[in-house]
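> This is what each chain is made of:
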Amino acid sequence: MVGLSVGEKHFIKGGIEQDLRTDGRKRYTYRPIYVETGVIPQANGSARVKLGATDVIASVKAELGKPSPSYPDKGKVLINVDCSPTAEPAFEGRGGEELSSELSVALQRCLLGGKSGAGAGIDLSSLSIVEGKICWDLYIEGLVVSSDGNLLDALGAAVKAALSNTALPKVQVASAASDEQPEVDLSDEEFLQFDTSGIPAIITLTKVGKHYIVDGTSEEESQMSSAVSVSVNKQGRICGLTKRGGAGLNPSVILDMISVSKHLSEQLINKLDSEIAAAEACEEDEF
Amino acid sequence: MRGVQLSLSKTQKLRLETALEKLESLSSTTSNNSNASVIVADTIPINYEDGVLKGHGTSEMDGRVVATICGVVERVNKLVYVRALRARYKPEIGDIIVGRVIEVAPKRWRLEINFSQDAVLMLSSMNLPDGIQRRRTALDELNMRSIFEENDIVCAEVRGFQHDGSLYLQARSQKYRKLDRGQLLRISPYLVKRRKQHFHHLDQYGVDLILGCNGFIWVGEHVEAKDDMVVDQMIKSEQENASLSGSVSSREQEQSHTSVEIRQHICRIANAVRVLSTLGFMVTVELITELVDLSISHNLDIHEMLGAEFYVIVAEKEAERRSLATKKR
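Protein chains in written order, with UniProt numbering: chain L, 1 to 287; chain G, 1 to 329.
In short, the hints are calculated from the structure, not lab data. Errors might be hidden in some of the hints.
[Claimed, not checked] When the alpha-carbon atoms are kept at most 16 Å apart in a straight line, the in silico EDC-like pairs for lysine to aspartate or glutamate are as follows:
(1) Lys26(L) / Glu24(G)
(2) Lys210(L) / Asp19(L)
(3) Lys26(L) / Glu304(G)
(4) Lys26(L) / Asp301(G)
(5) Lys193(G) / Asp95(G)
(6) Lys10(G) / Asp285(L)
(7) Lys9(L) / Asp180(G)
(8) Lys9(L) / Glu221(G)
(9) Lys317(G) / Glu286(G)
(10) Lys10(G) / Glu283(L)
(11) Lys13(L) / Asp164(G)
(12) Lys193(G) / Glu74(G)
(13) Lys9(L) / Glu149(G)
(14) Lys13(G) / Asp285(L)
(15) Lys10(G) / Asp19(L)
(16) Lys10(G) / Glu280(L)
(17) Lys9(L) / Glu150(G)
(18) Lys13(G) / Asp273(L)
[Unchecked claim] Taking CB as the label site, the calculated pair distances span:
(19) Glu103(G) / Arg94(L): 47 to 57 Å
(20) Glu290(G) / Glu102(L): 41 to 51 Å
(21) Pro85(L) / Arg86(G): 14 to 24 Å
(22) Val2(L) / Pro45(G): 35 to 45 Å
(23) Pro85(L) / Gly206(G): 34 to 44 Å
(24) Val2(L) / Arg83(G): 24 to 34 Å
(25) Ser37(G) / Lys26(L): 32 to 42 Å
(26) Met61(G) / Glu102(L): 28 to 38 Å
Backbone N, C-alpha and C define an ideal beta-carbon position, used for all residues, glycine too.
Just need the whole structure built from these sequences, with the hints factored in.
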């Protein structure tokens, strides 16, 4: 991370106060989002999202597995994020582990809800094939290729795009005795598209001084006192909440941030949906 | 065109591609293919009768001159060389550069200037705050941080090279100073051509624009290059007033924020530079002011200058401008 001089920091803070950031955006304006799907052919679904200079890739791999005994009618989803050293030299070796685990936990919280799967953005019961015996295990991997701030939002968008790109093979279950493992036949031709209408988008609000900004660059985020990430779905319901940063926040400020992110989520979800649709159409054109 | 990806609609993609093709064809016709871009092992078209000096990036093979790197062929009298596109900055004596202080060392500052080594600014090559020309004492050395600290942005001139290749800078004039109240942009060094003037004071916007030859561009609020003696007096009187009124003595809090109008101009100019650098066009003051006027005339919001539509408009405008320029010749 390049350091910033006192004058530059002052300029950035002044800009945020006056609602005119260094690239001309207002406090609640996102950078142009660029979505590309199907970037990893071997995965069941994948997507690459660029938010300005931030570049992340998400991939979804589906495997057949056994559901956990406490929730026999639900599938499993595991989310993991890796920060590549190409983003920052500091991420080499174990340097990026702290950030990776923070992002993984934040994504899990925003997309997966509680232990029972209640309130999850991803509907886990749709992943069940044979109750108690076979279910889909989804392994969602995120990779940060280039970091210029707002990694969580970009990863959330990439996971949403990757899941909408995911095609699960149709499963033919041969009927078997109740205690034996049933035989499954994976179809090579027929695929089921994953239903992503319930998946939330993540909005991170970074507090700098007395104001909050959305989609900060890494320069702006270096000046933050705290950041609150809220995941909101299409129905306007909050699916998860994460607070980062060392400074304490007044409860009224948090409530205000939640209402701002709810308001912003509509535009973001619409924009994301249209970008994902355009990306999928682009991908089909290529074939 | 690398860097930021744009989500272009079908029509925008078409328009951008036609504009870029037009520019390519213009550049190859005007210079008769002599400035062609080459990749490794491409033959460089030269006149074999004149003796040519084979410079960097070229090599002789089977009697032909071939390129050993990917880049653009440059010719200077009899010298033919290939300039790489992503190369680091190549300094020359007298270049104006903008750099960031990364270390305060004994009697010198080390600056990062996008060169293979850090540049050195000696304490003796810097004007002292009280303006008197005198020998630097140990006290001056201890007070170096009061002039420049780590991560400060400094504007200076290349004084020369040492025998080991390291770069020495000097900042002995009023116009070389610490830069604050603005933003720094990094672009490729080859996009900034060496001109007579690198310091531009855009009166109509109240903005200072410094085009560093190393690809660091400073856009900031205009600050008068004050005489050091006068500055000293002013700072003293400000400090007296501040202590009298009992305000907090932090200098940033005394300084007010840049006004909104000037900030808007700064942001527009910065975005114009970003657009030019992504499209790979030369960054000059005339082009920057043209882009700013263009964005205002199209009623674009400042942040929309970084959207796909403006990129396409700029590419088309540039293609038009160059075709007009070639027609005039």
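> Are the hints correct? Go through all of them and say.
Hints versus structure:
no., hint, verdict
1, Lys26(L) / Glu24(G), "36 Å, violated"
2, Lys210(L) / Asp19(L), "12 Å, holds"
3, Lys26(L) / Glu304(G), "11 Å, holds"
4, Lys26(L) / Asp301(G), "10 Å, holds"
5, Lys193(G) / Asp95(G), "11 Å, holds"
6, Lys10(G) / Asp285(L), "12 Å, holds"
7, Lys9(L) / Asp180(G), "9 Å, holds"
8, Lys9(L) / Glu221(G), "14 Å, holds"
9, Lys317(G) / Glu286(G), "14 Å, holds"
10, Lys10(G) / Glu283(L), "14 Å, holds"
11, Lys13(L) / Asp164(G), "42 Å, violated"
12, Lys193(G) / Glu74(G), "14 Å, holds"
13, Lys9(L) / Glu149(G), "14 Å, holds"
14, Lys13(G) / Asp285(L), "15 Å, holds"
15, Lys10(G) / Asp19(L), "33 Å, violated"
16, Lys10(G) / Glu280(L), "14 Å, holds"
17, Lys9(L) / Glu150(G), "13 Å, holds"
18, Lys13(G) / Asp273(L), "21 Å, violated"
19, Glu103(G) / Arg94(L): 47 to 57 Å, "27 Å, violated"
20, Glu290(G) / Glu102(L): 41 to 51 Å, "45 Å, holds"
21, Pro85(L) / Arg86(G): 14 to 24 Å, "20 Å, holds"
22, Val2(L) / Pro45(G): 35 to 45 Å, "42 Å, holds"
23, Pro85(L) / Gly206(G): 34 to 44 Å, "43 Å, holds"
24, Val2(L) / Arg83(G): 24 to 34 Å, "26 Å, holds"
25, Ser37(G) / Lys26(L): 32 to 42 Å, "40 Å, holds"
26, Met61(G) / Glu102(L): 28 to 38 Å, "54 Å, violated"
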